[in-house]
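Engineer: Working from the sequences, and respecting the hints, build out all of it.
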Amino acid sequence: MSASAASSSQTTTSNGGDVPPASLWPGILIALCGAIGFSGKAIIIKIAYRDYAIDAVTLLMLRMLVALPFFLVMAWWAGHGQAKLSGREKWVVAGLGFSGYYLASMLDFLGLQYISASLERLIMYVTPSIVLLLGMFLLGKKAGLRQWLGIAVSYAGVFLVFGHEISFAGDHLVLGVALCFASVLSNAVYLLYSGETVKKLGALRLTGLASIWACVFCIGQFVLTRSWADFQSIPAGVWQLSLLNGTLCTVVPVLLMMIGIQRLGAALASQVGMIGPLSTIMLGVFLLGEPFNAWIIAGTVLVMGGMWIVVRRA
8 MSASAASSSQ TTTSNGGDVP PASLWPGILI ALCGAIGFSG KAIIIKIAYR
58 DYAIDAVTLL MLRMLVALPF FLVMAWWAGH GQAKLSGREK WVVAGLGFSG
108 YYLASMLDFL GLQYISASLE RLIMYVTPSI VLLLGMFLLG KKAGLRQWLG
158 IAVSYAGVFL VFGHEISFAG DHLVLGVALC FASVLSNAVY LLYSGETVKK
208 LGALRLTGLA SIWACVFCIG QFVLTRSWAD FQSIPAGVWQ LSLLNGTLCT
258 VVPVLLMMIG IQRLGAALAS QVGMIGPLST IMLGVFLLGE PFNAWIIAGT
308 VLVMGGMWIV VRRA
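Sequential numbering from 8 applies to the sequence shown in this note's numbering.
FYI, nobody ran anything at the bench for these hints, they're computed from the structure.
Incorrect hints may appear among the rest.
Per label pair, the in silico range of CB-to-CB distance [what the hints assert, rightly or not]: (1) G88 x L182: 46 to 54 Å; (2) V292 x A159: 22 to 30 Å; (3) M281 x W84: 27 to 35 Å; (4) A90 x F175: 51 to 59 Å; (5) L156 x L295: 39 to 47 Å; (6) W235 x K91: 34 to 42 Å.
Listed next, the in silico EDC-like pairs over lysine to aspartate or glutamate satisfying Cα-Cα at most 16 Å (straight line) [said to hold, decoys possible]: (7) K207 x E96; (8) K206 x E96; (9) K97 x D237.
No experiment lies behind these values; they were computed from the predicted model shown.
Glycine included, every Cβ here is placed at the ideal spot set by N, Cα and C.
Structural biologist: Below is the structure:
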């Protein structure tokens, strides 16, 4: 979809006059499934940690090993008939893949060893605020009172849940939160600096190529730090969980969200994506036995409300 078409879609949707609501539901359901798919990643990782003696390096390697063939096809299809990348563009894509897909995922997987899936998802959801802050400090961009208010509200929600969980989770919770915030920072760097590359290559091609680089980093890390015996000893259950993680929680959500954006426009698709933290919390309650109480509810409302304030149009 072109920029003008996306803008037209957003305008029509916001006005609510020209497009019948029924015509939006297929796109809404597609984007909804994509958001829920992304949220399932933390649940699968927590199940793997709970049921098997497995580490983050192995889990991340398996996830990317499963996803690699799909990313290869994605990059080939999106780049078919397009100009080849220059030497500089290849290095830029590699750097974006390292920051946005490899390092962010590695830190996230490490953090999930110490915190609940619900808190992890709330931390991940403040990414727009980190992008805004980085843009201010690194690129000299300005933020208005509304953005500062949204940041304050969202972080109040994170600290509310953090303060509740630290009372029974212990000192490792601080490490887990720090790792997940570092993951958000790494992903925010990718989002901040990927704009020009997206314009040149397109979102689908960049996602495929950057993800291929991330796969190389993840698999290479395992090869350098683990043995062939370690690979052979991976339990079948971990392979099964990684198959789900690499497909239903990685590749499929990427495609569904892109289709959703094409049908709805970025603004409405991002609003539908706000279901992510809620779906993670519900899955955590039913599949992991994580708590669901007034602290979690209040923190979630604050985080989602704050991010809505940050990203909505003035």
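Engineer: Next step is simple, just say for each hint if it's right about the structure.
Structural biologist: Verification of the hints:
Take G88 and L182: their Cβ atoms lie about 48 Å apart, and the range 46 to 54 Å holds. For the hinted restraint 22 to 30 Å between V292 and A159, the CB-CB distance of approximately 28 Å keeps it satisfied. Restraint check, M281 to W84: a C-beta distance of roughly 30 Å satisfies the suggested window 27 to 35 Å. Checking the proposed 51 to 59 Å range against A90 and F175 shows it holds: the Cβ atoms sit about 56 Å from each other.
Against the hinted window of 39 to 47 Å, the Cβ-Cβ separation of L156 and L295 comes to about 33 Å, which falls outside the hint. With their beta carbons about 36 Å apart, W235 and K91 fall inside the hinted range of 34 to 42 Å. A threshold of 16 Å between alpha carbons decides the hint, and for K207 with E96 the separation of about 10 Å falls inside it, so the pair holds. This hinted pair checks out: K206 and E96 have alpha carbons roughly 12 Å apart, not beyond 16 Å.
Between the alpha carbons of K97 and D237 the distance comes to roughly 32 Å, so the proposed pair goes past 16 Å and is violated.
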